[in-house]
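S.K.: Protein sequence lines correspond, in order, to chains A and B. Counting in this note's numbering, the first sequence runs from 1 upward without gaps. Counting in this note's numbering, the second sequence runs from 328 upward without gaps.
Keep in mind that the hints are not guaranteed to be accurate.
Over 10 Å on every C-beta distance to chain A, these chain B residues come out as not near it, computed from the model [stated by the list, open to error]:
id, residue
1, 373
2, 375
3, 378
4, 415
5, 425
6, 436
7, 437
8, 481
With the C-beta cut set under 10 Å, the calculated list includes, among others, these residues of chain A facing chain B [stated by the list, open to error]:
id, residue
9, 2
10, 8
11, 49
12, 75
13, 79
14, 88
15, 96
16, 99
17, 101
18, 229
19, 233
Below, computed lysine-lysine pairings styled on DSS-like, alpha-carbon distance capped at 30 Å [as the list claims (entries may be wrong)]:
id, chain 1, residue 1, chain 2, residue 2
20, A, 56, B, 347
21, B, 462, A, 56
22, B, 347, A, 25
The set of hints was computed from the structure by calculation and includes no laboratory data. Here the structure is a predicted model, which is why all the values come from computation and not from measurement. Every residue, glycine too, gets a C-beta built ideally from N, C-alpha and C.
Here are the chains, one letter per residue:
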Amino acid sequence: MRPFTYERAIDPEAAVAAVSKAGAKFISGGTNLLDLMKLEIERPIHLVDISRLPLKDIKEEPDGGMRIGAQATNSDVAADIRVRTRYPVLSQALLAGASGQLRNKASVGGNLLQRTRCPYFYDTAASCNKRDPSSGCAAIGGINRGHAILGASDACIATHPSDMAVAMVVLDAEIELLDADRATRRIAIGDFHRLPGTTPHIETALKTGEMITGVVLPAPPEGRQFYRKVRDRASYAFALVSVAVVVATERGTITSARVAFGGVAHKPWRAKEAEAALTGGTATMATYWAAAEAAMAGATGRGHNDFKIELAKRTLCRTLAHAAQEN
Amino acid sequence: MSLSTVGDTKNAENATENAKVALTVNGRVRQLELDPRTSLLDALREHLHLTGTKKGCDHGQCGACTVLINGRRINSCLTLAVMHADDEIVTIEGLGSPDALHPMQAAFVLRDGFQCGYCTPGQICSAIGMLAEAKAGWPSHATADVAAQTTALTDAEIRERMSGNICRCAAYPNIIAAIRDVAEGDRG
Ligand SMILES: Cc1cc2nc3c(=O)[nH]c(=O)nc-3n(C[C@H](O)[C@H](O)[C@H](O)COP(=O)(O)OP(=O)(O)OC[C@H]3O[C@@H](n4cnc5c(N)ncnc54)[C@H](O)[C@@H]3O)c2cc1C
Ligand code: SF4
Ligand code: FES
Ligand code: FES
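Next comes chain B alone, as it looks inside the complex (with noise of 0.2 Å):
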């Protein structure tokens, strides 16, 4: 009936039997063998030593697990590993490197849009799956008329769609500066 079962409770008081799943991350496919517990996050960090993605909250309230999956941010602490088989996930790791950052990272840096930088991972993904979203007219809490077709970027609306990303530091002001500027250079 379904398409696959993994896991055994059979001895539910141990741990269960690992899943094997086939996670395709920043382009490259990676089999791994699961607790079926483990979340996505857990998944990046623990077996594939990308630990570039952060843990702040691990319930969804603090944003800093932000990574991108077929193009659209989520939270990887409340999602399972093994859901994600079929999807293509992009953590901060796949967005560019030392030598060659993605224009969100170049920004971050030359704005200082963080201080002690444990947010800032979260802070990129989200921002350009932010962007992708305006691009596409996604309204927000912070658009006066939900039918209008098209919304102008405004700081306010780059706060209130950036809000799922919380700051320790409070570095925002910069962080919207460093967004606004990848904006504008899309525009542009």
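Bound conformation, chain A alone (with noise of 0.2 Å):
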């Protein structure tokens, strides 16, 4: 690990003044940036502890949305009642994620910002276009199974890999930022994560030394909510690939879906084209398939990642299938 000075942070006006130093970096619960800085995949010169800041806080807000601070641990969230009533979604896809003890360091500002588990990525010795812009894509060509199907481009085809911001994306959750001139702004989650185009290692719309100070969800969305993740083993393990649905239905008619993809592109992938073959149609097997075919119609397979197109189209019709009978 590259050597580095550390601070503690007070309040977010410090923290992001205190970032604004070339080379700083926040660190939250550590989980994935120790992990990177480990293998000098991350080489902050100094670090901004956020993690005691007060901004833990789950809170109702007048519209019947909720409130999440960056520092609530991703336990805390998936434990709250209140986002376990009205959120299932969101609680179910925090609890697919990673383990008891990660889960009650990682907090939310952290999870949305996780790096790739693309394992070139990882690989120091490999060329990867997201560590060393320019280096080419060790992926492309090489052991590609985790890889996107949606979305990726001839630069990288890496994904996402959380859970939790599926749910969010599924919920038109929007992230709240400070930054070091101490302005606040809001980005809805779908704009925040970007697709890799020829600049993998810009991630997110983030603007340096800003600050993720919360997650505000509207009001619960009409409908029966799901999540659903499949991977290599039962527990512990990333997706291959996972679903969030939100589907409400009326004698039989779908009334109205959402339906978010995760493990298969560089960002939660929301399929509105999905949610408009499911719109108005009747609640069957017939009307869950043509929308995973719509889902996946632009879906392109790197090699030994094609089972994923067909993997995500049949975890959807289950997932929709469950969602909808108990409604």
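Hints in hand, dock the two standalone chains.
M.R.: What follows is the structure, given as structure tokens:
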């Protein structure tokens, strides 16, 4: 690990001021940053510890929504009874990620900003445009079983590993940000993570020095919510494919639907085409399958990950059948 | 602007200046001077010589380094010692002694919940943290209805909640039996 200096910020304004120094980075739970610092993939020269900032509150909003502080741990959010009853898809997604120990440390802000688990990104001997711009992409033509099937580019085919973010995308969450000039803004989570394009090292719309202060959830959408994750082992593994859905039905007809996928793209993937195919349709397998085909119409495999296209379709159908059935 | 700044990168090629940090470990305050890069795990093992906490992967993937911080289980390999100045840290050494075992330690012995024993301190700290989480009503990935107020701690629940602790010897059935004993004892 490269040497660095360390300070603990006492309030959000102090934190953004402290991080404006070149080479400085925030550290929250540290579960992703320290992992990458040990491998010298991340090399900050100064760490600003934001883990004690008073940004842990999970509060109800007047409009029926909720605001989750960036420093709330993944465990606290998943266990919050208001989240469990009103946004069960979020609780389910969080509980499907990492382990009990990691969730006790991982923060909401850090989870959104966690980096890809592409093995070539982790292997400093391999070429990787994300780690080292313009060096090439070892995953294209390499072992790419875990890689993206949607929205990838010739520069990078990595996926975003977060489960939580997939649920937040299906819930139309907004991310609250504070910058070094103490200005705040909100951005829709769908616009926060970027596709790789020619600049896979630029992963989000976060400006240099900006800090995530919280996530705002609008009032829960109508319908039943469900998160399903498919992975190589039963627990403590990243998704091959995951699906978050919210479906409302009335006498066998789907009145509204929202669909998002994880493990398939460089960002949590909202599937509007699938939503359009579902809305107004009958709550039957034929409709689900048509929606799955629509969602994967633009999907491309890279060899080892070809199976993900079929897997994503089947996972969506099964998740929809489960969610619609108990409506 | 900040509470404290430690370390000096003037000679960034060399090691940074050490940081003074007071850690409360197993009820005792310990004054340390550490390179800011020191993980909590290395501070415990290499500086405080509390070698009960084990290093398996050093990357959050095995759970051997699990300790309790303010009662919650975490991986000590993925956190910096300097980040824990105001915390209550409990390691396997703080839970019990050979002649006064913690009930979870006693249950692991009784049920033979190990073979080589390398993962055991992490398993025991994790199990204690896990039972507190279950008692507080936290759901898990194995919980059918996350909105339910309470969940029975079935074997499937214990397995899922303990999935962050890998046992290379695969002593899992006996680990579950030990944890079940303590959970049932708690209930009775
Ligand atoms: C073995 C293992 C298995 C895992 N499995 C899963 C899984 O199945 N599913 C899943 O979703 N995740 C998984 N994770 C990842 C885990 O969820 C993340 O490591 C965690 O959420 C990161 O949060 P943190 O607070 O520890 O972030 P940190 O490591 O502290 O920070 C991560 C990044 O975010 C930045 N940052 C943190 N907070 C803020 C903020 N408020 N504003 C601006 N920048 C900020 C940091 O500067 C850093 O660049 C796993 C991790 C491990 C080690
Ligand atoms: S897929 Fe992206 S992260 Fe992986 S090697 Fe290629 S450029 Fe790097
Ligand atoms: S040593 Fe910390 S999880 Fe493996
Ligand atoms: S007892 Fe050997 S690793 Fe668990």
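S.K.: Next, verify each hint and record whether it holds.
M.R.: Right, here's what the structure says about each hint:
1. Residue 373 (chain B), annotated as away from the interface, keeps every beta carbon of chain A farther than 10 Å; the closest lies near 15 Å.
2. Every C-beta of chain A lies more than 10 Å from that of residue 375 (chain B), the closest at about 19 Å, which supports listing it as non-interface.
3. No Cβ of chain A comes within 10 Å of the Cβ of residue 378 (chain B); the nearest lies about 20 Å off, and the non-interface call holds.
4. Look at residue 415 (chain B): its CB is around 14 Å from the nearest CB on chain A, clear of 10 Å, so calling it non-interface holds up.
5. At roughly 26 Å from the closest C-beta of chain A, the C-beta of residue 425 (chain B) stays outside 10 Å, upholding its exclusion from the interface.
6. Under the 10 Å C-beta cut-off, the non-interface status given to residue 436 (chain B) relative to chain A holds; the minimum distance is some 23 Å.
7. The claim that residue 437 (chain B) is not at the interface with chain A holds, since no C-beta of that chain comes within 10 Å of its own (minimum 24 Å).
8. At the 10 Å boundary, the C-beta of residue 481 (chain B) stays outside the reach of chain A, the nearest C-beta of that chain being 15 Å off.
9. Taken as an interface hint, residue 2 (chain A) checks out: its beta carbon lies about 8 Å from the nearest beta carbon of chain B, inside 10 Å.
10. Because the closest C-beta pair between residue 8 (chain A) and chain B is about 5 Å apart, less than 10 Å, the hint holds.
11. For the restraint placing residue 49 (chain A) at the interface with chain B, the shortest Cβ-Cβ distance is roughly 6 Å, inside the 10 Å limit, so the hint holds.
12. Look at residue 75 (chain A): its Cβ gets to within about 7 Å of chain B, closer than 10 Å, so that hint holds up.
13. Because the beta carbon of residue 79 (chain A) sits about 4 Å from the nearest beta carbon in chain B, less than 10 Å, this interface hint is met.
14. The closest approach between the C-beta of residue 88 (chain A) and any C-beta of chain B is roughly 5 Å, which is under the 10 Å cut-off, so the hint is satisfied.
15. Taking 10 Å as the C-beta contact cut-off toward chain B, the hint placing residue 96 (chain A) at the interface holds, the least distance being around 5 Å.
16. Nearest Cβ of chain B to the Cβ of residue 99 (chain A): about 3 Å, under the 10 Å cut. The hint holds.
17. The restraint placing residue 101 (chain A) at the interface with chain B holds, with a minimum CB-CB distance near 5 Å, inside the 10 Å limit.
18. The closest approach between the C-beta of residue 229 (chain A) and any C-beta of chain B is roughly 8 Å, which is under the 10 Å cut-off, so the hint is satisfied.
19. The beta carbon of residue 233 (chain A) comes within 9 Å of a beta carbon in chain B, closer than 10 Å, and the hint placing it at the interface holds.
20. Of the supplied pair hints, the one linking residue 56 (chain A) and residue 347 (chain B) holds, its CA atoms being roughly 27 Å apart against a limit of 30 Å.
21. With a C-alpha separation of about 22 Å, the suggested pairing of residue 462 (chain B) with residue 56 (chain A) holds against the 30 Å cut-off.
22. About 21 Å separates the Cα atoms of residue 347 (chain B) and residue 25 (chain A), which keeps this hinted pair within 30 Å; it holds.
Checked against the numbered hints given earlier, this structure breaks none of them.
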